[in-house]
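Chemist: The chain contents come next:
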Amino acid sequence: MQRMVIQRIIIGFITLWVVSVLVFIGTSILPGDVAEIVLGQTATPESLAAYRAERGLDQPLYMQYLTWLGGMFTGDLGTSKAGGASISSLISGRFGNTMLLAGIVAIISVPMSVVLGLLAAMYPGTWIDRILTFGTLSLISVPEFFIATFMVLIFAVQLQWLPAIATMSPEASFWETIGSMAMPLITLIIVVAAQMIRMTRAGILNVMNSPYIEMAILKGVKRKRIILRHAFYNAIGPIVNVIALNLAYLVSGVVIVETIFAYPGLAKLMIDGVQTRDLPLVQACAMIFCGTYVILIIMADVAAILSNPRLRNPK
Amino acid sequence: MTDATANTEESTIYDELPDAPPKKKLELTWVGKLGVTVVVFWLIMVFVGPYIAPFHEADIMAYDSYMPIFSTTEGEGFHLLGTDYIERDIFSRILWGARTTIGIAFTATLMAYAVGVSLGIAAAVAGGWLDIGLSRANDAIISLPSIMLGLLAVNAFGSSIPTLIMTAGAIYAASVFRIARALGQDIMVMDFVEAARVRGETMQWIIFREVLPNAAMPLATDFGLRLVFVVLFISSLSFLGLGIQPPMADWGSMVRQNLEGLGYGSYAAVWPALAIATFTISINLIVDDISASSGGSLAKKMI
Amino acid sequence: MTESKGKSPTINSLSHTDQDMVKSGLSRGVSRRVVMGWLMAGGATVAGAGSIVASATKAVAAMAQKGGTIKFASDLHGPSDTLDPGLNTSTIDYSRGRAHYNGLVQFNDDTSVRPELAEEFSSNADNTEWTFKLRQGVTFHDGSSFTADDVMYSMGRHYGEKSTSTAKTLVSDVAEWVRVDEYTVKAKMSGPNGDLPKILATSQFKIIKDGTTDFQNPMGTGPFKLADYQPGVRSLHTRNEDYWRDGPNADSLEIFAITDKVARTSALLSGDIDLMQGLDPKAIPQIESAPGVGIWSVASGAYIGIVCMTNTSPGDNKDFVLAMKYIQRREKIVRSILKGQGTVGNDNPINAAYGPDFCSDLPIRQHDLDKAKFHLKKSGITEATIQVAEVAPGTTDVVLLMQREAQKIGLKLNINKVPNDGYWGAVWMKTPMNVTTWNMRPTANVMMNLAFAPDAPWNDSLWANERMGQLLVESRAVTDAALRHEMYCEMQTLISENSGMIIPAHRNYLDAKSDNVEGIGTMPLGSLGGYEWPEFAFRTDL
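Protein chains in written order, with this note's numbering: chain Y, 1 to 315; chain S, 1 to 303; chain A, 1 to 542.
So here's chain Y without its partners, still in its complex pose (with noise of 0.2 Å):
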């Protein structure tokens, strides 16, 4: 199990890498560059000459990746292409509000999104699964950007109860600060729970069907017993890895939520990142989003393989 993890440690740091160059050459490889983009339509040759050498952009491509990953093992993440300011200043405020935003999301969804799992589960074809059922189909197939619009239409805009928008002003109250987020918190657990709650009750069900589950049903042990000691633990693999998946979304991927609630997050830095081909810039959330990801995943190894003795020693 230690060795595992300490395997997986070392692969982890293997997949930064493989990201690292990955990102670094489908960035660069898109038309345009930095010098380009911050000069639009008032370039010139000369101006575009002008930038490239003042940010050292004329240097050839694999000299730049080599800097950075210089940069990269003394702590040095470089400065901006496109603004010029440090990137630890750019991402270090922006860190905290996205892990606080997943964090809440996390804490609130994944706890409802397995117990309404197992509640699905446990009475598959009655009303309370239908409603399930149809509760979270609704929800998710509605595009996030729909559901957050028409939340800030009526909370905000008509009856006035919320801020439209979550900027994280260093001024805001605590309780401002809390209602501002309330829109956000609520459109992401939508996202998140309804896949959650669907690939908890398919796990369990999944296992309702083996055939060691049928033994117990004819030894006659409680359904509720079943599915509370048995099939939940045997399910925990596939869960925890789509509980996973959904918490490395939570922190890369909610790019919509904090474009229309301007919630100053990394998800649109890197997207901002990417549209002005800030190499420095993209690297470095990158790193951030697949070190969460790897983390995230060897976390759920773990708990699969705890919960299932026999993956302990695969044959």
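Hints may contain errors.
Stated by the list, open to error - SDA-like cross-link-like pairs, simulated, lysine to any residue; straight-line CA separation at most 25 Å:
| # | chain 1 | residue 1 | chain 2 | residue 2 |
| --- | --- | --- | --- | --- |
| 1 | A | K318 | A | T443 |
| 2 | A | K339 | A | E390 |
| 3 | A | K133 | A | S123 |
| 4 | A | K162 | Y | L48 |
| 5 | A | K430 | Y | M1 |
| 6 | A | K408 | S | T73 |
| 7 | A | K408 | S | A58 |
| 8 | A | K408 | S | D64 |
| 9 | A | K339 | Y | V157 |
| 10 | A | K186 | A | T443 |
| 11 | A | K430 | Y | S28 |
| 12 | A | K373 | A | D319 |
| 13 | A | K261 | S | T73 |
| 14 | A | K371 | S | D59 |
| 15 | A | K332 | A | T443 |
| 16 | A | K162 | Y | L57 |
| 17 | A | K430 | Y | V157 |
| 18 | A | K186 | A | Q216 |
Don't read these hints as lab results, they were simulated from the structure.
Note that the structure is predicted; figures quoted are calculated from it, not measured.
Chains S and A: place on chain Y using the hints.
Modeler: Here is chains S and A on its own, set in the frame of chain Y:
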């Protein structure tokens, strides 16, 4: 080794167990039948929608934008669902959009499944270096936000429909891979698989007779969700100003483009949202029935 | 403007929008004479205008209050936000620059200029040398004094190989900047140019402290100091207590962007922001029906252009370009896409917003499918592809409309929508047909010189016309009004008839604001009165 003795003992017990869950005839509940009806309706629209639509998807009227439902314009005709932000007939665009939206979603999801399931099961069954290699490559894709990968692909290759399908297919193949692999691993250590191994069945037999049938139900549930995600993925690209080429209609970008209307009482964004909802919910209702009738045999006994 | 009959009119006799204009003009120090001029131009009598201005002055005096925070949301921000005036390209940069810095001169609402850090400015007889007398006693935010050295440094950044300035071509005809003494500088021109002060009033020429290279916390002389600056998140500006003139009205400004236009409108409606830039024309009814907010629309020369490159097919075929000009439904674009917040274009970059230099004699080219069909047939072209990015609100819709018209004359016009990022570097001026947008420039000459001079680096359609180049240079030295107008008319006729540029419409700067904020101008060179609002905007609800 105590393990060895335990194994032999167990295998004798498991020999008496069925190889895989018994196949049952598919019986749809009324909810499932409703789902089938709606899906069939939309599938028909994929083919005939453009022919029965009163207007072309690109037709710009001369009257007004955001007209309410049941409006009639002079010399042009009747707008069942009103007009959109640039005076196009929404009803016609929804009919035309069925082709784009459902076509892309199905193709991309099928592609994601073909690639994701085969690689995922292969990784689970083979294990070792193949598993490590595939999993790391997969991690690299999946650890990056899908909208960013979409942005990269569209920027690099343009937003043609084949690009969008390939991009969505590749992105979701990664997610399918993870699920398929996790399911495969779980099934590979199940008693009946061990029993089959002990009996000396070939790997091919185990994959097709034990692993795939047992993974089918959770994968089917995921298929329904994945289809929704592809529709939403394309619409989220439209949020960044990418996505389907104008003036082609697709439901997700129709929602996006007409969102402003919501603010002053136009339902132009609601109709395409409803179209998405009816289609995706129906697909998932069918999926639920299939999973209930294939895997729910014992679950039903418990109720 | 109309005034009601009967007893002597007051400010309340005017329409809501006109009231706003008059009050905001007065509150920003526009002289009463100028305001009376506006009213009289709108049809008021001298007595009526006088009476309105008198009542408005009282109203403004009672209204203008100091204090409070004004929250402004722009449409775009990100890690590329910059406080380096030379690199400013976005509204958010311009607005922050206006709060943080001063220029040598600044714009009035009618795009004339008035002194700012230069107390006086004057030129020699033939406009080949400009002298700027600098204001004394002005300090930077760190307490150091403002002198000619700072001006020399700020201006020097627009010259030379190492300059990254986005405005260097605008001042390339200044041969040399000379420091005369501690409070005097001179610009020696390579040719006559009477418009240099107008160019220096634009955002890129704000004065920074001598030697500044780090733009994370630069020093300016402006009405606000920088309290917090996080590129792509927000900036907070607090009142500069040592400001050299009657300081800003607000205590602080919070400047950020809400990139989603629907969310931006909602934030204004919910009261979370006071000013917003970039209102989508589609949202006008939403703003107009809501209490406490209003649109702020300023007619300008800004335009959306469809470019047929003249160096390649199909744009090298004059008949094809003409056909494209005839299929434009100009009035429909203004009515349906710009929702009335724009003016019909005539394939001419200059419109009425440029004042006397606009050639109003040129008849507007009407939508004419027969003529279009004739020219298209003559060109022999049946299919073309246009690259589109949403470079200005409504650009894609303009092209969609054009595609439908093209179909009617037998042209298959393919649309290829491309992302905005990378557009200017990779698509614009590099593909046969594409789209462009230009903001209004301070003068007609500057506008045409940037985008239509034969050697201009940004000549969108690569349309090289010798006569055009000649006229542009010669007209700068002409002082006779009639001759000047004739020359400007010839240039605009040349462009409208021969260039590869199709200009179906000019767009207004369309923004929105809360009724609780006044003091926004109507200068037409940019959003919210040409970005001039930070110093003058004030809250009415304190």
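Chemist: Of the hints stated earlier, which fail here?
Modeler: As far as the earlier hints go, 1, 5, 13, 15, 17, 18 are violated by this structure, in ascending order.
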